[in-house]
Structure formats: C-alpha cells, structure tokens
Amino acid sequence: MIVRMKIKKGEEVKFISQLDLMRAVERAMRRAELPVKFTEGFNPRPRISFAPALPVGITSDAEYMDVEFESVLPLDRILARLNSHLPPGISVLKIDTAEGKIPLSSVNRAVYTVVVDTGSDIEPELLDKAVTEMLSRPEITVPKTSKGKVKNVNIAPLIHGIKITGVEGSRAEIRMELSAGQEGNVTPPLVIKALQEHIPSITVRRMNRDELFMVREGKRTDPI
Amino acid sequence: MEIKQILDEVLPQVSKPTRYTGNELNSVQKDKSKVKVRIALAFPDVYEVGMSHLGLRILYHLLNEREDVYAERVFAPWVDFEEIMRERGIPLFSLESKSPLSEFDFVGFSLQYEMSYSNVTNMLDLAGIPLFSKDRTDRDPIVIAGGPCAYNPEPLAEIIDLFVIGEAEEVILELVNLYLDHKKSSKGRIEFLERAARIPGVYVPAFYRVNYNEDGTVKEILPVKPGIPERVQKRIIRDLDRVYYPTKLIVPYMDIVHDRAVLEIFRGCTRGCRFCQAGMIYRPVREKSVDKLTNIAREMIKSTGYEEISLASLSTSDYSALKQLVEILTDEFRQCMVGLSLPSLRIDSFTLDLARKIQEIKKSGLTFAPEAGTQRLRDVINKGVTEEDLLNSVKGAFEAGWNTVKLYFMIGLPSETYEDLEGIARLAYRVVDAYREVRGNTKGLKVTVSTSTFVPKPFTPFQWEAQIPLDEIKERQRFLKKKLKGPNISYNWHDGKLSFLEAVFSRGDRKLNSVLKKARERGCRFDGWSDMFSFDKWMEAFREAGVNPEFYANRSRPEDEVFPWEVIDPGVEKSFLITELKKAREAKPTPDCRFNRCHGCGIMKLKGGIICDSKNED
Ligand code: SF4
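Residue numbers (full-length UniProt numbering), protein chains in the order written: chain P, 1 to 224; chain V, 1 to 618.
Hints in this document: simulated from the structure, not taken from any laboratory.
Straight-line Cα separation of at most 20 Å, SDA-like style, residue types lysine to any residue; simulated pairs:
no.: 1; chain 1: V; residue 1: K16; chain 2: P; residue 2: E12
no.: 2; chain 1: V; residue 1: K302; chain 2: P; residue 2: V36
no.: 3; chain 1: P; residue 1: K144; chain 2: V; residue 2: P12
no.: 4; chain 1: V; residue 1: K302; chain 2: P; residue 2: I78
no.: 5; chain 1: V; residue 1: K98; chain 2: V; residue 2: G128
no.: 6; chain 1: V; residue 1: K34; chain 2: V; residue 2: H182
no.: 7; chain 1: V; residue 1: K302; chain 2: P; residue 2: M22
no.: 8; chain 1: P; residue 1: K8; chain 2: P; residue 2: S49
no.: 9; chain 1: P; residue 1: K144; chain 2: V; residue 2: V14
no.: 10; chain 1: V; residue 1: K34; chain 2: V; residue 2: E103
no.: 11; chain 1: P; residue 1: K144; chain 2: P; residue 2: N154
no.: 12; chain 1: V; residue 1: K4; chain 2: P; residue 2: G57
Isolated chain P (complex conformation):
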C-alpha cells in the first residue's frame, strides 16, 4: 500500500535538508512501529519518495511524500501514530492513498508567503509600484549560484504572480506563485534579490511554502 502524506516543516526544523527530513520521518516510522517496505538487495532503503526539494531556511505547509507499507493499514491510524512520534516542528497534515493521484515528480508550481522588512515604514502604494515595475520588465535577471558557479538567469517566465497581502510598520507580507520542480524552479530569495533593484533596503524575515501543485494547460491539480 502506497500512502501520500502532506507534511508540515515548522520553524524548529526549517534549516534541515530534505535528506534530513526524510531520515527523521523514517525514524519516526520505526518508533511508531509502522511497517515501511524496504528495497531489496544489499543496502535496503525504505521506500519513500518526495516532492521537489525545498531550499533550507524556508518553513513549509506543503511537503509531500509517498511511503510504501508492507501491509494495508487504516489511514487514520497511520496519521495518528506518526504524529505522536514525529519530532517537534514536523507533522503530517493530511493523508490519503497515492493511488489515482498525480506522481509527485510532476508538481511544477508553488505558493509562498514571504515576510519582508524594508528598514523603515512602508508606504503600501510604493511597494505595490515597485512590484508592478519589476513584473513589467521583459527580463528579470538575477545572479544564481549553482554548483559553485554564478550564472545570470532570467526568472521572469517562472513568476506567476506576486501580491502584497499585508503591510504593518516596516514589514510587509507578500504572496508569490512561482515555478517549482524539474521544469523550472525559482524560490523567494531570488525574487527578493530582483526586488532589491527597486527597493534596495528590502530583506527577508520569514518564508513559508503554503502550497505545491501541478498546473497543466491552465488546470490545477493538487497532489492530495
């Protein structure tokens, strides 16, 4: 039986890598005495697969994972047992069978909430203007480091919407819908880097991935 889980990664664990998260879940399964299926062969590994990785430093309400079990178990029991054995900051939000669902590797879109600080009190109109200005540029190039090399990339086609959702003092809350996964991936720090060209003093305070899903021909499908 393959089970799909939607997992929360909270403040306490926002710096752990995806591999760390996987290990933490694997160990929680053992503590919860849930019979995970292992791969055959010389170095057996638990059969767990993940949706595209989240960069460290970001909390998330939308991590997805498929786990294969040795036997058929009631879903609510898996949820309850696992949640009572997961370490602080990690919990299972939702659970369902993976059957008939989209493969996790096909998700390509994510929604984030980013809290920024501009150092001094924000005029909401100015912030709005800066965002609109940035989005109207034909190309938004930012330096991106991958494998130790810095490369300029155009992130404009990977941004699907940015909205200011709240302003208080020097802080603002921004909602971003961005490409994620193998087809193209951009994360909030890069978008903020681009925004710094318009508001140089802007810095990130908090980032959260709220949603992760697949968009095909304008149609949205959620993993669960």
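Go by the hints and put chain V with the ligand onto chain P.
Chain V with the ligand in isolation, oriented as in the chain P frame:
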C-alpha cells in the same frame, strides 16, 4: 537583540546551519529559571564530531534526569560562523536555550584528543570567559574538564578550574550536590574549589605548586593547602549493570560521524599493548550483562528509531558473551530492519563467522591493525598477533567474498628500524598474494595501508620513550611511499607535524599553558582539520612563550624522572609500567592476563574488575 533572532538572520549564510539550531528529538527543554544548577557540556569540535561522542551523551541525559539541573550542549562553531559571531558580537551560546555561556554555573569540556586544546581556548574566548583560572571572578562559570586527556591535566592546569579524573557518572553528581550546598553560603569560587578538591577523583590544579629542576624537568608537585590530596586517584564505576545509561538518546537531524544507537558493552582492556593509553587508564575490565544490554537496546530503538545499533568498547571481540549477544540482537531487530555493527572487532576465524552473519563489515571493508611490520617489533609493543594469524584471517575473509582490506600501522615505535618498515610493505604484499591464492587473480582487490606516527602517552610503558624527530618521520613516510606502490595497494599517512604537537601536549607540563594562549591569539583552532592546521603559527607561539617543544616530544626520560602527570593516580602502578618497559626492550611479550596469570598491574586496588577477581580468587 536576542541570540535566537540574530540566528534567524545569519544562519542562512553559514554552512550546515543545523549545527547551531538544536531542537532535535529527545533534546531536553527546561525552563532555565526553574532549575538550580546550569551546566554547559562543551565539546571542542564541531557538532557532528561532538554528537558522535558517547560520553557527552551519557552525561547530558544523566544530568538532565535531575529536575534541579539543566545541562545543555555547546560545540565549537565552524570558522564561517565564528567570523559572523565575532563580527556581530554573538557570544558562544548553548544549543538548547541559546543562552550565552557566561550565564552558566559550570562549563565542562570533554578532552578527547590533545589537538582540540586550541578549540577549548578559542571557545572560552568566544564565550567571554577569562582564559586563565586566576582571572575568573565569582560571576564566571566554573570551568571543568574530563576525558582521557585529563590524565595529564598539566598543559591546561592554568586554564581549567577543576578536572574530573576517570569515569564521571558518580563524581559529576557529587559536584552538583556540593555546589547546591555551597550556594547556600555566601562564599565564593575559591572556597567552592577547595571543597571540591576533597571529592575523590577531583583535581584542582590551583592548589598544587610545581617545582622544577634546573634542567627544566619537574622536581615535585605539592599540594599548597592542608586537606588537599597529594595524588588524585581516578574514579571508576564498579557495577556497569547498575550505572545509569541513557536510552532516550538525542537523534540529530544532520548527518553526524557516528549516527546510531550506541550500546556500551564493557569498559577496560587487558591486552596490554604497550603504546596504548586507553588500555592502561580504563582498567579494570567490567562488563554489562547480556540481559541488561538487550533491554537497553530495545528501549533505545523504541525511543530513537535508529536503523543501526553499534556495540562500543575498546575491543569488541573480548566481550565474554559476544556470540550470544549478537544472536539475540540480530534476531530481535531483523524484523524492523535495524542493523548491527561491531567496530573494533579483531578479525579471526570466530569473529569472521559473526561478521559474516551480520554482513555489516562487507560494506566498509575489513580492518586489521597489526601496528608493526615484524614479529620482533610486535613483541616489543606487545601486540599479540602473528603474521600467520593475520594471513589466515585475511584468507578466510577473501574466501567469504570480501575484497577490501585496511591495514593500520604505526611508524616510529621504540627500536624501529628500516627492516621493520620493510616488514610493513612485505605484509601488504603477502595480503595481495593471499588474495591471488584464493581467487586466482587480483581483480577487485583493494589493500589500503595507513600509518600514524607513534606518540608516547602518559601512563603507558612507553611514557619514558622519545618520539622520533620530525624529519625522521618524513623520511620514514617517504621510504614507505616508495615501497608501497602497486595496482592494488594504496598508502596514506598522518601528518607528522600534527603527531609531533600531539606528543608535545600529551606529555607536557604547566609551561604549555602560555603556549596555548599565544596560539589562540594567532588564531590556531581546528588543528585536527588539515585545511585549518597551521604548524608555523604553533611554532611562533612556542618561540614567543620561550618553550622548546622538542624537550617534550623528542626526549627519552630516565626511569627516575618525576612526570608532570604523576599527580594523577590511574590505578596501574609505575612499577608495573617499568617492568613492561624493560620487557619491551628485550622484545618479550606479556600475555593477556585474561588467558594467563595476573601480572600485578596494580588496578586490583580499585576493585570491581571481572578478570582481576577471577585471577585472584584465592
Ligand atoms: S590486576 Fe592482574 S588481572 Fe587485573 S588487569 Fe591487572 S594484570 Fe590483569
């Protein structure tokens, strides 16, 4: 700004931020205002090294069992984070409550290897705690230290307020109780240290004066106050079945060096290798029972979910019920896919069978430690293994399908000649031959020869011997490099400069405290990490402090010399060590007292040793 907030801002910029975040499963959260004693357990290396250390984990959970105590952890920040800490004025802080170290009642360092001393001094500096004991006030924490390096406390005698000698499970609680009692009075740290110095196993260097001879050697070490013991005898736990052992271990998120449930099966060793300090200072041999161990293992897996259990001891093969234990554990945990690993297993026909059963070693390859290349030299160091034993075991392993073999040797052992070095190469080639004999060719075979340089250690029969000079170390490594060339053989060696410094500090005296200060000022830290180690800075520090390092490393000592570490009594007697030294010089082995008579090493006086008891029944 609170440390927690600053961390949020700066951690995204550092490598491996999880080193500094805490919050792991089974880490302990307490209200720091509701406890009476706060202890920072400090490990002078990065998180992934420190968290792999069993002693730290035992003490952490042991102390936190008490409601009135809060023990937290602190590790050496890696250099990238240190830079940010210094820039932003972040003091060294604990992982659990993110409190500055200066808030604690005690800061306790674990001293596992000499080359971490520069991290001790650097951590004190980052914590804003005065480096020298004499400069600390009642507002500063009491700085304590323990671990194998504490058996020669003198190089840190002016830095550490109080050393715990030997196994700490009981004495640490006695110290806490004393502290609680002392807090009721209005007296200060000196008075506390004076009372602490009366607890068996506690050494407070400030209460001892060292007088030197004209040639720079120690003349005498004298207590300066009445009631302070002349020598401090190490503490041991008599009954390992009754001592506290944690089962709700912290489970780290990040990959650490040894990330598994550790099951300590016994303490001590009777083999009596003459270079080995652990073999002398951890005597006598005491075991945990199979029943106890099975229960601990069960509990541990239940509360950690670890996928591997590892048996810990100085020499796993010596556990008297090893076969039974391995069978029970593999049966019990097969179902939930928990593996078993047996490090420090001596490979022979019996253990090979076990190894095959648990299949564990197959992944990592087989490891043998003949230590020396000829039978003569192995007799000198009392390493009771013959070339035939070794080749037979290797053959057995090849027959069973292994094809990776690691061979560990030491160079620069007392009396070593180039013939002995030749012997290392010869042995490696005989292993290749053995493979060819078994398999018909050498396809897939990998033999790795590793050499470290012999470092004479306090309380071993070789404590009187010299380390070979640095250029000689290099010369012998060059010799082996030339000899060990071949398609199936690779050779690697430890940096001789590091071994030289290790030799200085392992038999150093109080004059080295000022060298440590100068080295810290020059930025020495993480010396064990080759990209951080700067030999030149160390040499400048020695020059500036007016201390000659060769005096400590490269001088052989007369039998009647008084050693700086003799203020410590490890139980094993000096007379026994001298007898062993003389036998070494005649290349005469001393058989393991487990299978032979008692050799009267002196540890009997501490009681509780299972071998000692059985050998001395009448
Ligand atoms: S006292 Fe005797 S039996 Fe005990 S460890 Fe020493 S030599 Fe061995």
